Amino acid sequence: MAYYRTVGTVPPKRHTQFRRDDGGLYFEELMGEEGFTSDSSLLYHRHIPSAMVDSRVWLLPEAKSEPNHPLKPFHFRLHELFPGETWRQADPVTDRRVVLGNTDVRIAYVAAGRPSPLYRNAIGDECVYVESGTGRVETVFGSIEVGDGDYVVLPRATTHRWVPAGDAPLRLYAVEANSHITPPKRYLSRFGQLLEHAPYCERDLRGPSGPLLEDGQDVEVYVKHRAPGGDGVVGTVLTVPQHPFDVVGWDGCLYPYAFNVRDYEPITGRIHQPPPQHQVFEGTGFVICNFVPRKVDYHPLAIPVPYYHSNVDSDEVMFYCGGDYEARKGSGIGQGSVSLHPGGHTHGPQPGAYERSIGAEFFDELAVMVDTFRPLEIAEGGRAVDDGRYAWTWSGRGPQGPLEMPGGAG
Numbered sequence: 001m002a003y004y005r006t007v008g009t010v011p012p013k014r015h016t017q018f019r020r021d022d023g024g025l026y027f028e029e030l031m032g033e034e035g036f037t038s039d040s041s042l043l044y045h046r047h048i049p050s051a052m053v054d055s056r057v058w059l060l061p062e063a064k065s066e067p068n069h070p071l072k073p074f075h076f077r078l079h080e081l082f083p084g085e086t087w088r089q090a091d092p093v094t095d096r097r098v099v100l101g102n103t104d105v106r107i108a109y110v111a112a113g114r115p116s117p118l119y120r121n122a123i124g125d126e127c128v129y130v131e132s133g134t135g136r137v138e139t140v141f142g143s144i145e146v147g148d149g150d151y152v153v154l155p156r157a158t159t160h161r162w163v164p165a166g167d168a169p170l171r172l173y174a175v176e177a178n179s180h181i182t183p184p185k186r187y188l189s190r191f192g193q194l195l196e197h198a199p200y201c202e203r204d205l206r207g208p209s210g211p212l213l214e215d216g217q218d219v220e221v222y223v224k225h226r227a228p229g230g231d232g233v234v235g236t237v238l239t240v241p242q243h244p245f246d247v248v249g250w251d252g253c254l255y256p257y258a259f260n261v262r263d264y265e266p267i268t269g270r271i272h273q274p275p276p277q278h279q280v281f282e283g284t285g286f287v288i289c290n291f292v293p294r295k296v297d298y299h300p301l302a303i304p305v306p307y308y309h310s311n312v313d314s315d316e317v318m319f320y321c322g323g324d325y326e327a328r329k330g331s332g333i334g335q336g337s338v339s340l341h342p343g344g345h346t347h348g349p350q351p352g353a354y355e356r357s358i359g360a361e362f363f364d365e366l367a368v369m370v371d372t373f374r375p376l377e378i379a380e381g382g383r384a385v386d387d388g389r390y391a392w393t394w395s396g397r398g399p400q401g402p403l404e405m406p407g408g409a410g
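Quick note: the sequence shown uses the numbering used here, first residue 1, plus one each step.
Source of the hints: derived by calculation from the structure; they are not laboratory data. These figures come from a predicted structure and were not determined experimentally. Hints should not be assumed to be uniformly reliable.
[Stated by the list, open to error] Label pairs and their in silico Cβ distance ranges:
#1 Leu71 / Gly35: 49 to 59 angstroms
#2 Ser189 / Gly334: 34 to 44 angstroms
#3 Arg226 / Lys72: 26 to 36 angstroms
#4 Asp54 / His309: 34 to 44 angstroms
[Claimed, not checked] Result set (DMTMM-like, lysine to aspartate or glutamate): computed pairs, CA atoms no more than 25 angstroms apart in a straight line:
#5 Lys185 / Asp231
#6 Lys64 / Asp39
#7 Lys185 / Asp54
#8 Lys72 / Glu265
#9 Lys295 / Asp251
#10 Lys295 / Asp386
Note that the Cβ used here is the ideal one computed from N, Cα and C, for glycine as well.
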């Protein structure tokens with residue numbers, strides 16, 4: 001997004017000599033998208049940013065996925081991925097569990113208590129939602145303090161690390177793209193400014209503070225990158241001779257930033273608004289939406305919960321991360337749940353929710369939705385915490401007969 005920032009010290013003219021106090025040169029790095037034709041920033045390093053002294057394989061956690069066949073919806077209980085105190089030994093990068101994925105995007109979850117290694121995703125941008133906890137994201141651009149409800153957007157190949165704080169897990173819902181992640185194009189002017197009808201604006205975005213200047217020798221950086229042949233994701237650990245957090249200043253329009261979901265201004269109407277009204281970001285082959293606490297439909301005959309709908313062109317993934325999600329009452333879904341409603345399945349409110357919503361004036365709910373335009377496959381994390389019953393909750397019975405519904409719903 002073309003929103004200019006500058007941090008630290010930069011020379012008055014780009015691509016010109018910029019010298020240290022001792023007369024030596026700083027090393028200028030252009031970090032840019034789409035082959036010099038899109039957003040970029042210029043970073044000024046104390047050391048040569050290309051230098052490396054070793055390279056070894058990073059064996060990524062098992063992420064093999066399986067097609068959703070035979071077709072059905074799913075409910076995953078993500079908090080069960082890190083039971084008890086196991087989060088204390090987990091870090092926010094190497095211990096992520098992939099739940100769902102396709103060739104455009106991977107959705108992963110982690111509850112962590114210790115800092116991650118230095119890391120960069122060379123495949124695509126990441127949009128990481130902080131479900132709960134506090135911490136800091138340290139990057140070559142500077143540092144961003146994060147907490148409950150923050151989206152953190154990290155451009156492709158940004159070297160960074162996550163540092164949890166406090167005595168509670170830092171719970172992260174990570175959307176790893178194979179593309180760039182931006183605000184919806186309909187909310188941007190042709191020059192990149194967020195427009196008046198957008199549900200958030202530049203004032204709501206928090207960029208890095210800094211610069212961070214660290215010393216160190218033979219430092220490891222974990223890198224996700226395309227597999228040979230371009231099919232799949234592999235990992236490499238690079239060893240660099242000096243610490244990559246050596247940037248004395250930078251300027252430009254490409255950098256990580258945070259945006260808190262509480263600063264999203266919901267768009268409401270007299271009758272139920274479709275999911276695109278709740279969109280917050282987009283990438284190639286997917287969109288990200290959020291459902292926030294809001295006043296609901298005020299037509300005298302309105303039915304505030306969603307109408308039943310068929311995802312003709314997309315799979316819908318909903319992460320329930322706060323409040324009381326009205327349409328899913330009676331399904332077993334709660335805080336930390338993820339539902340998958342695949343294309344080809346007509347879905348909507350649970351039994352009874354349609355009628356109960358009539359007369360409601362406010363929904364106290366918080367959820368992050370990812371809609372993909374290619375079918376999602378079930379990965380290791382999803383298989384581990386599938387509740388095994390969600391597909392049958394609309395009818396009240398499944399292959400094994402009648403289903404006991406949570407809360408007595410039927």
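Which numbered hints are broken by the structure, listed smallest first? 1, 4, 5, 6, 7, 8, 9, 10
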